[in-house]
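Protein chains in written order, with this note's numbering: chain A, -17 to 468; chain B, 10 to 323.
Some hints here could point you the wrong way.
[Said to hold, decoys possible] Label pairs and their calculated CB-CB ranges:
hint, chain 1, residue 1, chain 2, residue 2, range
1, A, L363, B, A260, 41 to 47 Å
2, B, S68, A, T433, 30 to 36 Å
3, A, G436, B, S19, 52 to 58 Å
4, A, I373, B, H305, 30 to 36 Å
5, B, R207, A, I373, 47 to 53 Å
6, B, R207, A, V376, 53 to 59 Å
7, B, S19, A, L363, 47 to 53 Å
8, B, S19, A, A336, 36 to 42 Å
9, B, S19, A, W1, 37 to 43 Å
10, B, T23, A, L375, 43 to 49 Å
11, B, R207, A, M(-17), 54 to 60 Å
Keep in mind that the hints were calculated from the coordinates and are not lab data. Please read these numbers as outputs of a predicted model, since none were measured by experiment. Glycine is no exception: its CB is placed at the ideal position from the N, C-alpha and C atoms.
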Amino acid sequence: MRAIYLIARREYLSYVATWGFWLSLLSVPVFLVVGAAIPVLVESSQPTRYYVVIDETGEGYDALVQAGVERERRERARAALEAMAMTRPEAARTQALERFDEAATPEAGLDAGFEALGMEAAPAGLAAGSGNRMRVEPPAATPEALRPWLTGERTVSTPEGERPLFGALVIRRGSETPLSLTWYSTNLTDNAIAQDARRVLEDELQEELLRSEGLSEARIAALDQLQPEMRSVDPSVEAGGEREVTGADRVPFVLSIALAFILWASVFSVANMLLTSLIEEKGGKIIEVLLSTARFHEILIGKLAGVACVSFTLFAVWGVVGSVVATAGGTALASFDPEMAELLSGIVKPGLFAAALCYFIVGYLMFGAIFLALGSLCETLQDAQSLMSPIILVLMAPLIILSFAMQSMDSAFVAMASWVPLWTPFLMMARLPTEPPLWEIAGTTLLMLATMVGVLWGATAVFRQGALSQANVDSVKRWFRLGKTG
Amino acid sequence: MSEFALEVRSVSKTFGTKPAVKSVSFGARTGEITGFLGPNGAGKTTTLRMALGIIAPDSGSVRLFGAEPTARAFDRVGFLPEERGVYRKMTARQIITLFGRLKGMPARQARTRALELLERFSLGDAADKKIKELSKGMAQKVQILSAIVHQPDFIILDEPFSGLDPVNQGVLEAMIREQADAGATILFSTHVMQHAERLCDRIVLMARGEKVFDGRVEEALAVVPRQVDLGVDPGQELTALLSPFGAVSRAGTDSEGMAIWRVVLNGKSTPQDLLKACVDAGIALSRFEPLRPHLHDAFVQLVSDPADTLAERA
């Protein structure tokens, strides 16, 4: 045990003391924080886009566009609020939304709704449903006359002072359609204002047509609401009753697949770390020196344990930082991606994380031992690459299966593939929320554990040969040739 | 205390179809320095690995300190392998401390002892330098110190002098003597016969996987036929006179222009017989020099003649 501990400790410290480790450690949380902050940063740093609407029909479509855009903004802000309130009791959630609806009238604006909820300044993201836009009075009556403003030669008066004009939307009567919209802007990528206007006017045109057919306003409003009600129900949730499936109910499925992918990436990268370290030791003739003080199995287990501790350190730090970021950044994220916010609200699944940890340990031990054994036969990374190719293919297979079977983790093929011990950690991880039979979980686990023991035993034997240079890459080639001729 | 720190009894090892060690037996006597000699491929490293339990013999047995080897017994052994390598990113002190701890020393004691050894062997300034910042010779010294940091009772050194410059070879020789004086048993393999000759009390000679000699250094030297150099006038012919005593040859001329004849004495003749024959024949000798045999000659003699069962003679 002493040798195992000391070898593991040395291995652990050799990684922890490197810049690469700290970069890996910091890069993920930094990426998380930056990733979460980017939408807010982009949204908040975007300048207000001033635009004009010229209604050449003279029938008040410009006012309709303005009202429709405001309505859409309010609906998006409301959806974001609803998502944020997911963690609150249902009564409190309903009450908060009612207060928002009462206050945020088209006349009072969105800010009034947020103030009513005690959110003094409406969070930029929540208010910015479709970006910061403001309609201003057109400084000229025709697109041709607007050209100096649209090209930036002249500016328009805004509450912020003189600003460039972002674009102009011109509404005309169409030759083949009732209305035509033309968007003038030097920004060729962002035509969201025109798209929003098109949606609003499309609704308006349909309503106009219905009016011309003699339908009352009430009938038109009723037609607007005509759509089948869609509900997903999990019959197993409550005996004698039923409960609608929410995003939170789908979290385990998404989470388990995500964990399976993370598991795969972790096992692969950690096993690679082992391989690289061993080849460095082999090349530096350090293995022979270590053998003077420790037994083969002690070196093998020590190295595996040391690198596993490196992984656990990374996972622990990332887990803590991830939880903090998810909690602290939840509010901001909710405004941009309510569905993701809903998923986040149900992401804490200790059972799945415990399973992932167990599968990681077994998967790591199997692949780590294989990588160590093969690494012991190699003097250089080039040698290792030729030996690793078949192992990489074996390791890639579950990834490919996962990619194709995301929607059908309960398929018979995936179930059968789960019985391949080297694939079990990844595929069973992804399948767990589909509640496979207990015998299947137990069977695949037992087979996987037996394989792990066999792999460790075989790896020690190969490691013994390789570490003492009694076998190398050429030996493996010879074994295969013998196999072919025999 | 056991008579032998290490006893190897009839160990054999075959790799594939190639026998590497064939029923070898020898012992390293407690308190003595034993040289383990042999040409490349003689089976020395394989034998040492079996002695240390790194690989298991196909047959035969090994005893350490008079008993079956145990983990505790192996902790009393210091081993310097033939392959040289240390962690390049660790400091000299860290490496020596690590190996001390691997051999069971408490952390604090290992650190103190590491620093003490580094100071004593002129590496005090390099204690906290990474190995990659040190010269090759200094790195080798660190590795050697790692083998003795735990003050082992038995030290096995596999080709300890290879790669060291003459100055450091001298330092290592002194270190080996110091360890032996302190009571450690030492077994070391080498190709350099001068080191063995200077250091060893006994030698074990291996060739083609077999032991060909096991005995004291003087006994090994005794197997070398004695040689005598004679200096005479260049015009003188001695072949006929000296042939009865052994093989006669011209070995050149000395600085004064005298002819040097070398006689490799046969087993029945002595230098005295040769001198008497010359005096009786009225030969004027400018030189009569019985040559001192060297271990190198014994090595060549023993290794090049497999038919000769010199081990028995020894």
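Each hint tested on the structure:
1. L363/A with A260/B: 41 to 47 Å: violated, 56 Å
2. S68/B with T433/A: 30 to 36 Å: holds, 34 Å
3. G436/A with S19/B: 52 to 58 Å: Cβ of G436/A to Cβ of S19/B: about 35 Å, so the range 52 to 58 Å is violated.
4. I373/A with H305/B: 30 to 36 Å: violated, 51 Å
5. R207/B with I373/A: 47 to 53 Å: holds, 52 Å
6. R207/B with V376/A: 53 to 59 Å: holds, 57 Å
7. S19/B with L363/A: 47 to 53 Å: Given a distance of about 43 Å, which is not inside 47 to 53 Å, the answer is violated.
8. S19/B with A336/A: 36 to 42 Å: violated, 55 Å
9. S19/B with W1/A: 37 to 43 Å: The hinted range 37 to 43 Å is violated for S19/B and W1/A, with Cβ atoms some 54 Å apart.
10. T23/B with L375/A: 43 to 49 Å: Hint violated: Cβ distance 36 Å, outside 43 to 49 Å.
11. R207/B with M(-17)/A: 54 to 60 Å: violated, 42 Å
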